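Novice: Given chain A, work out where chain B should sit, using these hints.
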Amino acid sequence: QKEVEQDPGPLSVPEGAIVSLNCTYSNSAFQYFMWYRQYSRKGPELLMYTYSSGNKEDGRFTAQVDKSSKYISLFIRDSQPSDSATYLCAMSDGTASKLTFGTGTRLQVTL
Amino acid sequence: SQTIHQWPATLVQPVGSPLSLECTVEGTSNPNLYWYRQAAGRGLQLLFYSVGIGQISSEVPQNLSASRPQDRQFILSSKKLLLSDSGFYLCAWSVRGGGYEQYFGPGTRLTVT
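Protein chains in written order, with the working numbering: chain A, 97 to 207; chain B, 10 to 122.
Isolated chain A (complex conformation) (with noise of 0.2 Å):
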């Protein structure tokens, strides 16, 4: 069993539409919490991280945490077919300077 684990997708949505993406996670003790988007042939870019339970708004993304059910989401509302590409989860325990990363959800939003 990977540590996380998110849907590949692709996750194809009309433009507005609210989109949720997940990860799960295994070892509980991860703490800090991060999200990524990924436009095709680029790095990784940092959208939002937090370190707690709970959520965390940023314009029209909203990050949440339940560390209960090992479980994280992103939320992006009246989505855009700019936000078309990879969302990458990423987690750390917090004892070494590395972190965990879910194999991505491909995002498509349609005109």
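In short, the hints are calculated from the structure, not lab data.
From a predicted model like this one, the values you see are computed outputs, not experimental measurements.
All the pointers check out, no bait thrown in.
Each pair of labels, with its calculated beta carbon distance range: (1) B:S67 x A:K138: 25 to 35 Å; (2) B:V69 x A:L207: 38 to 48 Å; (3) B:T122 x A:R156: 37 to 47 Å; (4) A:K152 x B:P115: 22 to 32 Å; (5) B:G107 x A:Y135: 19 to 29 Å; (6) A:K152 x B:G107: 11 to 21 Å; (7) A:R173 x B:T122: 36 to 46 Å; (8) A:S148 x B:W16: 34 to 44 Å; (9) B:S93 x A:S148: 33 to 43 Å; (10) B:A18 x A:S148: 30 to 40 Å; (11) A:G150 x B:S66: 29 to 39 Å; (12) B:P78 x A:I114: 41 to 51 Å.
Chain A regions said to be covered by chain B (calculated; three or more residues, Cβ under 8 Å): (13) 133 to 140; (14) 180 to 190; (15) 196 to 207.
Listed below are several chain A residues computed to face chain B (Cβ distance under 7 Å; list not exhaustive): (16) Y128; (17) M130; (18) Y145; (19) S193.
All residues carry an ideal CB built from backbone N, CA and C; glycine is no exception.
Specialist: Same frame as chain A, but now just chain B:
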């Protein structure tokens, strides 16, 4: 602001040839530095990370090596490339002693023929 550079952007090399990929970070001091490889459908594989000059930790046994000759310079090398070394190589940095977020460079796409 901080900037991370990688070069070359793309590279096509024959099997058995040497490799040198370079990464430099600007606008920060004493960063942690990382090399990743991303293969299609397999996510990000951490290859090496460094918490200081000359301090390199290897995550995966392979024919690649890394060096950090200067504080903000990280080099990935190979003496003889294999076909399996093809992939998208990403350099990243994070604040030493700070948060856990990592910031990625633009990547180098390597094709070994």
